[in-house]
Structures are given as structure tokens and as C-alpha cells.
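**Student:** Given these sequences and hints, build the entire structure.
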Amino acid sequence: DAGVIQSPRHEVTEMGQEVTLRCKPISGHNSLFWYRQTMMRGLELLIYFNNNVPIDDSGMPEDRFSAKMPNASFSTLKIQPSEPRDSAVYFCASSFGQGNTGELFFGEGSRLTVL
Amino acid sequence: SQELEQSPQSLIVQEGKNLTINCTSSKTLYGLYWYKQKYGEGLIFLMMLQKGGEEKSHEKITAKLDEKKQQSSLHITASQPSHAGIYLCGAAPPWTSGTYKYIFGTGTRLKVLA
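Protein chains in written order, with my numbering: chain A, 1 to 115; chain B, 1 to 114.
Don't take each hint at face value.
Quick list of the computed label-pair ranges, beta carbon to beta carbon [unchecked claim]: (1) B:F45 / A:E44: 16 to 26 angstroms; (2) A:R111 / B:S82: 18 to 28 angstroms; (3) B:G16 / A:L115: 38 to 48 angstroms; (4) B:T106 / A:K68: 28 to 38 angstroms; (5) A:L115 / B:K51: 45 to 55 angstroms; (6) B:A78 / A:P81: 47 to 57 angstroms; (7) A:K68 / B:A78: 41 to 51 angstroms.
No lab work stands behind these hints, which were simulated from the structure alone.
Note that the Cβ used here is the ideal one computed from N, Cα and C, for glycine as well.
**Tutor:** Okay, structure coming up:
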């Protein structure tokens with residue numbers, strides 16, 4: 001079975017550029033999460049979708065960040081404009097169930113470097 | 001809101017040695033997940049503990065949940081280089097108090113010397 005698929009795996013960009021990260025959750029999962037991981041802050045929840053609807057976006061750092069889930073099999077996380085402090089590994093995870101319980105299945109992450 | 005703190009933050013052990021990682025919650029903990037992350041990769045589910053006193057084992061890794069102490073411990077017996085990585089505990093509603101979010105511990109970095 002295919003797991004959670006993220007792209008790109010690595011992205012290097014210059015400050016001010018737009019960055020789009022993509023995620024394909026596991027088929028049949030109805031919850032999708034975007035996390036950011038840094039050495040300083042560990043794993044932080046950015047946004048959580050349930051049945052394609054954003055339920056909690058309180059972790060989104062600021063207006064430069066936006067996320068969409070147009071259908072059950074695809075989500076994007078966009079940063080515009082990007083800043084060096086956005087450099088991190090961004091993970092997408094999916095799960096099946098009500099709310100945000102249950103085992104999370106993580107993608108391999110997108111490592112973002114903003115110069 | 002509830003927080004999970006792990007100790008130690010990092011650990012270096014010689015191959016073959018036993019080790020223990022702790023996850024302590026700031027509030028009552030009714031259940032817990034343990035994940036492992038290899039460097040540069042995503043998190044992989046290890047096990048789930050659903051009730052106080054529960055103990056589970058997977059290969060050489062054993063985890064216990066002590067509800068009264070609001071703590072879980074993960075024990076690795078006869079460590080191997082393949083055990084190296086970052087171990088994270090996690091909890092989600094309805095096991096958490098005061099938060100509806102899936103929360104993670106601060107992580108423990110394990111290095112096993114061959």
C-alpha cells in the first residue's frame with residue numbers, strides 16, 4: 001500500500017519566493033495534518049483537516065502560510081513570501097477516524113531551505 | 001494546555017546496552033503513542049498504550065503507561081545501531097486534557113555506537 005506521499009522532498013529557494021508543498025494522504029483516510037519540525041521547536045501542528053474541511057489552523061504562523069485540501073486525495077501548503085525562518089522540515093500525516101485521534105501515518109517530509 | 005516532556009533529550013549508548021526513555025505529561029494521561037523517526041525521514045508508529053498499567057512489546061522495545069505518575073517509559077533491551085533515531089511520544093483526544101490537538105513530546109535522540 002502506498003503511504004502518505006509528499007513532494008518535493010527537498011526545496012531550496014530564495015527569500016521572498018513562493019513555496020508550495022504537496023501531500024497525497026493514504027486512500028480512505030479522512031484526517032490530514034500538516035506539521036513543521038525544527039530543532040528549536042520540535043514538531044508543531046500547523047493545520048488539521050477533517051473530511052477536507054480545515055478544523056484547526058491556529059498553528060499556522062501567520063498570513064504568509066495557507067493550506068488547502070480541494071479533495072480527499074490532495075492537499076497543499078503554501079508559503080508566500082517565504083522567509084529564512086521558515087526553513088524546516090514540513091510533514092504531512094493522515095489518519096482515519098473521528099476528530100484527531102488514532103495512529104498518524106506520516107510522509108517522509110519536505111525539507112525547505114530559504115536562503 | 002497539556003504538554004509532554006521527554007527525558008533524556010539525547011542519549012548515546014554502546015551497542016548491547018539497555019536504555020530507557022521517559023515521557024511525562026503535565027496533566028492526566030489516559031493513553032499514549034510512541035513513534036520513531038529516523039534521521040531525515042518521517043515518523044513511524046511503534047505502539048499505542050490505551051490504559052494505565054498497560055505494557056506492550058515489539059521486538060526488543062517495551063513500553064509502559066503509568067497513569068498515576070502521568071508517565072510512560074520506553075525501554076530498549078540490548079540496543080543495536082538500527083535503534084538509532086528520534087523517539088517521540090504523542091497523545092490525542094480523548095486521552096488528553098485541556099487540548100483538542102494531537103500533541104507530541106519534545107523527542108529523545110538516540111545514538112547507538114557499534
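**Student:** Indicate, hint by hint, whether the structure satisfies it.
**Tutor:** Structure-based check of each hint:
1. B:F45 / A:E44: 16 to 26 angstroms: holds, 19 angstroms
2. A:R111 / B:S82: 18 to 28 angstroms: Holds - the Cβ-Cβ distance for R111 (chain A) and S82 (chain B), about 23 angstroms, lies within 18 to 28 angstroms.
3. B:G16 / A:L115: 38 to 48 angstroms: holds, 43 angstroms
4. B:T106 / A:K68: 28 to 38 angstroms: holds, 30 angstroms
5. A:L115 / B:K51: 45 to 55 angstroms: Given range 45 to 55 angstroms: holds, Cβ gap about 49 angstroms.
6. B:A78 / A:P81: 47 to 57 angstroms: Between A78 (chain B) and P81 (chain A), where Cβ atoms are some 51 angstroms apart, the hint holds.
7. A:K68 / B:A78: 41 to 51 angstroms: The hinted range 41 to 51 angstroms holds for K68 (chain A) and A78 (chain B), with Cβ atoms some 47 angstroms apart.
Checked against the numbered hints above, the structure violates none of them.
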